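Peer 1: Each protein sequence line maps, in turn, to chains C and R. Start counting the first sequence at 1; every next residue gets the next number (full-length UniProt numbering). Start counting the second sequence at 1; every next residue gets the next number (full-length UniProt numbering).
Because the hints were derived from the structure by calculation, they are not lab data. Bear in mind that the values here come from a model prediction, so they are computed numbers and not experimental data. No residue lacks a Cβ here, since even glycine has one placed at the ideal position from N, Cα and C. Check the hints yourself; a few may be wrong.
[Stated by the list, open to error] With a cut-off of at most 20 Å between alpha-carbon atoms, the simulated EDC-like pairs for lysine to aspartate or glutamate come out as follows:
id	chain 1	residue 1	chain 2	residue 2
1	C	LYS54	R	GLU53
2	C	LYS54	R	GLU9
3	C	LYS71	C	ASP85
4	C	LYS114	C	GLU129
5	C	LYS95	C	GLU38
6	C	LYS190	R	GLU6
7	C	LYS54	C	GLU38
8	R	LYS49	R	ASP3
9	C	LYS224	R	ASP46
10	C	LYS114	C	GLU155
11	R	LYS49	R	ASP30
12	C	LYS114	C	GLU78
13	C	LYS54	R	ASP3
14	C	LYS190	C	ASP205
15	R	LYS39	R	ASP3
16	C	LYS224	R	GLU9
17	R	LYS39	C	GLU223
18	C	LYS190	C	GLU129
19	R	LYS39	R	GLU6
20	C	LYS71	C	GLU82
21	C	LYS95	C	ASP136
22	C	LYS255	C	ASP205
23	R	LYS49	C	GLU155
24	C	LYS95	C	GLU117
25	C	LYS224	R	GLU23
26	C	LYS224	C	ASP136
27	C	LYS190	C	ASP200
28	C	LYS114	C	ASP85
29	R	LYS39	R	GLU9
30	C	LYS54	R	GLU23
[Unchecked claim] Here are a few chain R residues that sit away from chain C, every Cβ distance over 10 Å (derived from the structure):
id	residue
31	THR4
32	GLN13
33	GLU23
34	GLN24
35	SER27
36	ASP30
37	ALA32
38	GLY33
39	ALA36
40	LEU50
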Amino acid sequence: MTNLPLAPNDTPRGSLACVGMGMTLGSHLTPLARSHIEQADVVFSALSDVAVEKWLARMNPDVRNLRPYYKEGKPRIETYQEWVDLMLTEVRAGKRVCAVFYGHPGIFAWSPHKAIEIARAEGFQAHMEPGISAEDCLYADLGIDPGSHGCQHFEASQLLFSERRIDPAGYLVLWQVAPLGNWSVGAFPKGPAYRQVLVDLLSQDYPLEHEIIIYRCATLPIEKASIRRAALRDLPHLQLGTEETVVLPPSQPVKPNLAIRARLAELDKLEQADISA
Amino acid sequence: MLDTIEWLETIGQNASLRHAPAEQLVSTLDQAGASAALKAAAMSGDKSKLSSEWGGGGDGGTGGGEGPFGVDHSSHSAWIDND
Ligand SMILES: C[S@@+](CC[C@H](N)C(=O)[O-])C[C@H]1O[C@@H](n2cnc3c(N)ncnc32)[C@H](O)[C@@H]1O
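Chain C with its partners taken away, still in its complex shape:
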């Protein structure tokens, strides 16, 4: 019998799985994500509700909450870097680590991607399991098919700080509008002033009276989705929760591309000519 080569002793044993809890307690957790949670040596969590935290605590005896690392006046990016360090310390110690995030762990979430990247670079097994995100719920609750008109998603501050091209013939989904301008937890809220700049920017592509939708999906199954409608001009002064996503429906029809259509018609004609020859 041939001896199978044994893994060298220094092969790292630790691993990392970043999984999604989905948005609604009880409804969205996939069997595979649940199995990662149950089989892990250590579980880290960043979740939407205390109830969801308590639910998770029943799936594994060693769940460590990442939320207390947010501190008044501390830049959020420092907290996210700490989360990455915490996860990797346990991976390097040879543990099977599972990090659980609400929604999808890779959607508008920096630390899961970063932790996986570093773990892999250090030779550990690391991967992500998708979860049902706010985006998925939004399509269902608002009756939007991203394929009908196209759909752009932006982190609101990136839209302000970078030159991006907005297509008003499709849907525009803006994430993290509430914390706009507040890089540290508890910082003096610059929200309304920053949101006014956002409205000015958007008004280059949308009329000020254009309807916007402020959307929040249910995180507990006793809730209903919240769907509020307002005019774009009112965005700076609306009460916005950190769990809300802003949607701008199309303001223009999808225009036919006449030049490309003509080119394609030429191609079709050539094909026809080839067939009849």
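Following the hints, put chain R with the ligand in place on chain C, whose structure we already have.
Peer 2: This is chain R with the ligand only, laid out in the frame that chain C set:
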């Protein structure tokens, strides 16, 4: 008898309960001896009514998403630093 977390999990996974009219859900909860806080939350659809079950907290006990320490972990300042 189920506790509140077990009830939430049960409601979340049950097609009849998840979208049941509030009165119907509350009557099911009532017959099964669910807590007053859960019944009030189910009746109003307001999760803050559950906070007494978790002993309150800085965010009113509603949890991560809301309040100053809400989990809001995207790259929104990371990409500025990294660019
Ligand atoms: C850091 S991102 C996390 C998104 C999450 N990973 C997901 O898969 O949906 C936070 C943003 O997600 C959106 N969000 C979070 N909770 C939400 C909810 N209950 N309903 C709608 N949007 C939500 C908001 O735009 C918020 O600013």
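Peer 1: Against this structure, judge whether each hint is valid.
Peer 2: Hint-by-hint comparison with the structure:
no.	hint	verdict
1	LYS54/C <-> GLU53/R	11 Å, holds
2	LYS54/C <-> GLU9/R	11 Å, holds
3	LYS71/C <-> ASP85/C	17 Å, holds
4	LYS114/C <-> GLU129/C	15 Å, holds
5	LYS95/C <-> GLU38/C	14 Å, holds
6	LYS190/C <-> GLU6/R	40 Å, violated
7	LYS54/C <-> GLU38/C	14 Å, holds
8	LYS49/R <-> ASP3/R	16 Å, holds
9	LYS224/C <-> ASP46/R	9 Å, holds
10	LYS114/C <-> GLU155/C	18 Å, holds
11	LYS49/R <-> ASP30/R	16 Å, holds
12	LYS114/C <-> GLU78/C	13 Å, holds
13	LYS54/C <-> ASP3/R	12 Å, holds
14	LYS190/C <-> ASP205/C	24 Å, violated
15	LYS39/R <-> ASP3/R	12 Å, holds
16	LYS224/C <-> GLU9/R	16 Å, holds
17	LYS39/R <-> GLU223/C	12 Å, holds
18	LYS190/C <-> GLU129/C	35 Å, violated
19	LYS39/R <-> GLU6/R	14 Å, holds
20	LYS71/C <-> GLU82/C	12 Å, holds
21	LYS95/C <-> ASP136/C	32 Å, violated
22	LYS255/C <-> ASP205/C	15 Å, holds
23	LYS49/R <-> GLU155/C	31 Å, violated
24	LYS95/C <-> GLU117/C	17 Å, holds
25	LYS224/C <-> GLU23/R	14 Å, holds
26	LYS224/C <-> ASP136/C	15 Å, holds
27	LYS190/C <-> ASP200/C	16 Å, holds
28	LYS114/C <-> ASP85/C	10 Å, holds
29	LYS39/R <-> GLU9/R	15 Å, holds
30	LYS54/C <-> GLU23/R	26 Å, violated
31	THR4	8 Å, violated
32	GLN13	5 Å, violated
33	GLU23	13 Å, holds
34	GLN24	12 Å, holds
35	SER27	14 Å, holds
36	ASP30	14 Å, holds
37	ALA32	14 Å, holds
38	GLY33	17 Å, holds
39	ALA36	14 Å, holds
40	LEU50	6 Å, violated
Violated hints for the displayed structure, listed by number in ascending order: 6, 14, 18, 21, 23, 30, 31, 32 and 40.
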